[in-house]
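Each residue of the sequence shown is one higher than the one before, counting from 72 in this note's numbering.
FYI, nobody ran anything at the bench for these hints, they're computed from the structure.
Hints are not guaranteed to be accurate.
Claimed, not checked - In silico DSBU-like links for lysine-lysine, alpha-carbon gap of 35 Å or less: (1) K626 - K646; (2) K140 - K646; (3) K666 - K572; (4) K474 - K140; (5) K561 - K329; (6) K251 - K296; (7) K486 - K547; (8) K251 - K291; (9) K663 - K572; (10) K329 - K468.
None of these values were measured; they are calculated from a predicted model.
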Amino acid sequence: MAKSKKTKKATAAKRSYNWLGWAGLVAILILTYRIYAPSLDYEFINLDDPGYVTGNPYIQDLTAKNIGKIFTEPLAGYYHPLTLLSLALDYRTSGSEPHTYHLVNLLLHLANTVFVFYFVYLLGRRKWIAALFTALFFAIHPMHIESVAWVAQRKEVLYTFFFLPAMISYLYFIRKGTRKYYWLSLGLFVLSLASMPLAGILPFAMLLVDHYEGRKKEWKLLTEKIPFFALSLLAAILTWSAQSQLDSYMKEQTFLQKVQYSSYGLLEYVAKLFAPFNLSIFHPYPATTGWMFMVAPLAVAALIALVYFFLRKNKSMVFGLSFFTLAILPGLQLFAHNPSLLSERLTYLPYIGLLFPLGVLFESAWEKKTGKWPLLGIIATAIALVGAGFFSKQTQKHLKNWKGSVSLWTDVIRKYPNEAPDAYNNRGMAFFSQERTDEALADYNQAISLDSTYYLPILNRGTLFLSLGNHDQALKDLNKGLELAPDFEKGYINRAGVYLKTERFEEAIQDYDKVLEMNPNIAQIYYLRGYAKMSLGRYPEALEDLNTSIEMNNKMGSYYLYRSYVYSFMGQRDKALEDVIQAEQLGAEIDKDYKNQLMGQ
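Please put together the full structure from these sequences, using the hints given.
Structure representation (structure tokens):
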């Protein structure tokens, strides 16, 4: 009887603890939403967001052809079709208004917080205090701002959204032995890979779970993961192929320097878990590798030895540190083409590995009572609450820098005033888009003064001079920029614009030819080349280009209007009238006298 009462009390206590855990999770979600709510009104950022959303024709018109492009062409060095499809759905909802994109990112982050809680809860066998600790610091950590507040980083929150349920399903498969969980895990892994190839670490993470669960080391552990490893290998090959096409700073580094930068980055990521200061979207490489970089590989080796000799019997510590290292490794300079020394967004999934053993340690403090009161638990809770308050404030503070491109790059310039020509160039672009030409020109000049071989601000300054009607200076800058970057597509487009403005049509056509050699899928270039050929009286050639532009994009009234002019010059009045009517319906501004002339009035 007494034993039965004790069992009932224990069961009731466990249920109350579970309810406390879920109630605590709800509180964490509310806190996280309140912290990130301001980001719902933020702008797009002029780094990557144009390529992913505002300037991406594939997501803006989901034709069968464009969907095929999404699945077969890499973007920014990755194949991640599911991420692009999710952005396409946002575009259908709100077009180029950023609110929906930010909202979806935040909702995915909140969902991931739930998955973190449940994964740690399951892995720790109902350690709900550890689960709450891990979920709290995962949700509010300042290093995760990039992944949540930056629309182009949808891939980070989306691949994690499938990665964690895949791990949860695998845990169910291990413990229940039911094959449906195995196949569910495999399906979720496919979705995670389609969101971001970094998900390829999942089969290795499964082996860490096997070790944590105490599964016997036998061939079965490897053979059951063959489909997972095969998919990981395919993703790695595709990613390596895509990234090898990128123009990367790291290509200029020796293997030893890559090891030094990777080791330094690894230590910095660990340090910023506890001290998230000097946060920035961009951390420039130093001019030379100083003593910190020289010592970093030795420090990493020492830490590995420390874990092996002193902590290898602590399963939570081994799992957590191994998971962190495994998850952060593909993003380190040893493997990735990364223009920034540190990329804070890369910690989104890996930090779970560092937070998990800390959460287990936190829970163990509550299990060790000193007299009548769990003194260690109270002290640990006080430290955790102070830390949570500090991290929340840091996140709110740094989040404000993400309001828009000007504030974001101003923050980088404030921290690296003489080391980040990229920041000046990007802020200059933001100023230019706001028609603040004097400020844009000053930023382009500063970027060029910091690095005279940096072609982007030179080309952008040329575009600015073009907009001001200073054609001579525009041409000088564009020529110089194209000497430095002879394969830069946009440079030829802008130089051709100068040639059009100055009626140097043959030279404009040569530049458009060059652009179409590099990228034959730009409808506007066929249109502009057609205009140049029309201006030279080469009407059949102009008609061919304008036909192509309309075949590629039949929603542009100007394309039909200029084809109408060509038909008119060629004496085909009926076709010219048909096109001018179509152009008017599409919103093009029509000369009434021209239309009346075609109508015989």
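Verification of the hints:
no. : hint        : verdict
1   : K626 - K646 : holds (18 Å)
2   : K140 - K646 : holds (33 Å)
3   : K666 - K572 : holds (26 Å)
4   : K474 - K140 : holds (31 Å)
5   : K561 - K329 : holds (31 Å)
6   : K251 - K296 : holds (15 Å)
7   : K486 - K547 : holds (32 Å)
8   : K251 - K291 : holds (18 Å)
9   : K663 - K572 : holds (25 Å)
10  : K329 - K468 : holds (33 Å)
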